[in-house]
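A.B. asks: Residue numbers (UniProt numbering), protein chains in the order written: chain A, 1 to 68; chain B, 1 to 394.
Just to be clear, a hint being listed does not mean it is correct.
Okay, derived cross-link-like pairs now, EDC-like style, lysine to aspartate or glutamate, Cα gap no bigger than 16 Å in a straight line [claimed, not checked]:
{"no.": "1", "chain 1": "B", "residue 1": "K188", "chain 2": "B", "residue 2": "D132"}
{"no.": "2", "chain 1": "A", "residue 1": "K27", "chain 2": "B", "residue 2": "E314"}
{"no.": "3", "chain 1": "B", "residue 1": "K64", "chain 2": "A", "residue 2": "E20"}
{"no.": "4", "chain 1": "B", "residue 1": "K101", "chain 2": "B", "residue 2": "E84"}
{"no.": "5", "chain 1": "B", "residue 1": "K66", "chain 2": "A", "residue 2": "D34"}
{"no.": "6", "chain 1": "B", "residue 1": "K355", "chain 2": "A", "residue 2": "E20"}
{"no.": "7", "chain 1": "A", "residue 1": "K12", "chain 2": "B", "residue 2": "E61"}
{"no.": "8", "chain 1": "B", "residue 1": "K66", "chain 2": "A", "residue 2": "E22"}
{"no.": "9", "chain 1": "A", "residue 1": "K36", "chain 2": "B", "residue 2": "E84"}
{"no.": "10", "chain 1": "A", "residue 1": "K12", "chain 2": "B", "residue 2": "E59"}
To be clear about the criterion: a stretch of chain A counts as covered by chain B if any three or more of its residues have a C-beta under 8 Å from a C-beta of chain B, and this derived list gives those stretches [unchecked claim]:
{"no.": "11", "stretch": "18 to 28"}
{"no.": "12", "stretch": "31 to 45"}
Just so you know, the hints here were simulated from the structure itself, not pulled from any lab data.
From a predicted model like this one, the values you see are computed outputs, not experimental measurements.
Glycine included, C-beta positions come from ideal geometry on N, C-alpha and C.
As a plain string of letters, each chain reads:
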Amino acid sequence: MSGSFSVAAMKKVVQQLRLEAELNRVKSSQAAADLKQFCLQNAQHDPPLTGVSSSTNPFRPQKVCSFL
Amino acid sequence: MDQTFLVNVFGSCDRCFKQRALRPVFKKSEQLNYCSLCAEIMAADGLHENETLASLKSEAESLKGKLEEERAKLHDVELHQVAERVEALGQFVMKTRRTLKGHGNKVLCMDWCKDKRRLVSSSQDGKVIVWDSFTTNKEHAVTMPCTWVMACAYAPSGCAIACGGLDNKCSVYPLTFDKNENMAAKKKSVAMHTNYLSACSFTNSDMQILTASGDGTCALWDVESGQLLQSFHGHGADVLCLDLAPSETGNTFVSGGCDKKAMVWDMRSGQCVQAFETHESDINSVRYYPSGDAFASGSDDATCRLYDLRADREVAIYSKESIIFGASSVDFSLSGRLLFAGYNDYTINVWDVLKGSRVSILFGHENRVSTLRVSPDGTAFCSGSWDHTLRVWA
């Protein structure tokens, strides 16, 4: 039937929107604080931030040892 | 005009199946024959249907409005405001440390192996190559039966790779070090879509693969049997990218598409749990923030954006007036503080995720950057380009 396809599709859209409306949301300030917290807590384990030396980063050129 | 119905047909009514005098009723181009009673009921139903459609549409509109209201109510501060007191990042030096040459055409996709050393890349020329990024040696190479291999992924065990593209399939190749064995002989076809494969990823094991396709769907497959375990419908156009949530945060993944939407899915139910539609063009890349509470996206609208899943909203836009070309691929550094993004203007921009500012711009590629991934231990990242090469930066 011509009308029923659109009705079925619209029902799905409405069902989806109802689901999304039910979501429990947190305040932006809370979410932002958590993101900041995570970054700061893990900064020491983040090589580009800590400045990785040649000895620990396999991609950086090794320093050449010279005999004195 | 005369509206006399000429009853010249007597037979079985298409609705009640009773033997009656029938009138022809036209719906679109279809002719049905109803008895007079059913004809009247159908006419009334038709009206009812139209009412239902209209009421559903208006309910949809009001729900959308309500969603926006709910999201706005909780929006009390911007991310960069919260990050004002955070120490600024120092001088940033990252250079190309390795250049991987060998593809005969555009590099379209790459993925790291968990051993932080090997990586797999795929190209428009139909070749899929496994490299040792320390030595730049090619360890394996396979030629696909199609060109434009748009997706490739390394299995968690490091023992297999998956790839696909214009063949509409995702195939798994076990990696063997036996020189006498032909890699292509052990090929296993896992996924079948009705349009090109745009992205693929193993889940936490070698046993399941998640795919995204130009047919507008995503799907979860069992590798051994090739069985479809779950399909994900909801995008209104080609799906271009996907990323699995970090294993600690549960069974969800995010996808982005040509419908400008980023959608978060529950892998078990196939249900879309959240959707975001703030980009102004195709979303080429999506990547979860390391904590799993947010994800970033890169789009043809020349911006990258950060969406927080618990706040259910976009919380940052990474853009500059001078950046006018699309972002093709994004990835976070280990702590989530940096967002590396490859662009169609051949550059890679590095963004301070918290402050929203650009930290660095990396030059080197001689054509579009099409793919970018940070290594598993965060010491480096690899970028692939239409200039036929891959570069490892550290």
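A.B. asks: If a hint holds in the structure, say so; if it doesn't, say that too.
C.D. replies: To see whether the hints hold, each was checked on the structure:
1. K188(B) - D132(B): Roughly 24 Å between the alpha carbons, so the hint for K188(B) and D132(B) is violated.
2. K27(A) - E314(B): 12 Å, holds
3. K64(B) - E20(A): 9 Å, holds
4. K101(B) - E84(B): 42 Å, violated
5. K66(B) - D34(A): Violated, at roughly 26 Å.
6. K355(B) - E20(A): 29 Å, violated
7. K12(A) - E61(B): Between K12(A) and E61(B) the Cα gap is close to 14 Å, so the pair holds against 16 Å.
8. K66(B) - E22(A): This hinted pair holds, its Cα atoms lying about 11 Å apart.
9. K36(A) - E84(B): 10 Å, holds
10. K12(A) - E59(B): 12 Å, holds
11. 18 to 28: holds (count 9)
12. 31 to 45: holds (count 13)
Hints 1, 4, 5 and 6, counting from the list given before, are not met by this structure.
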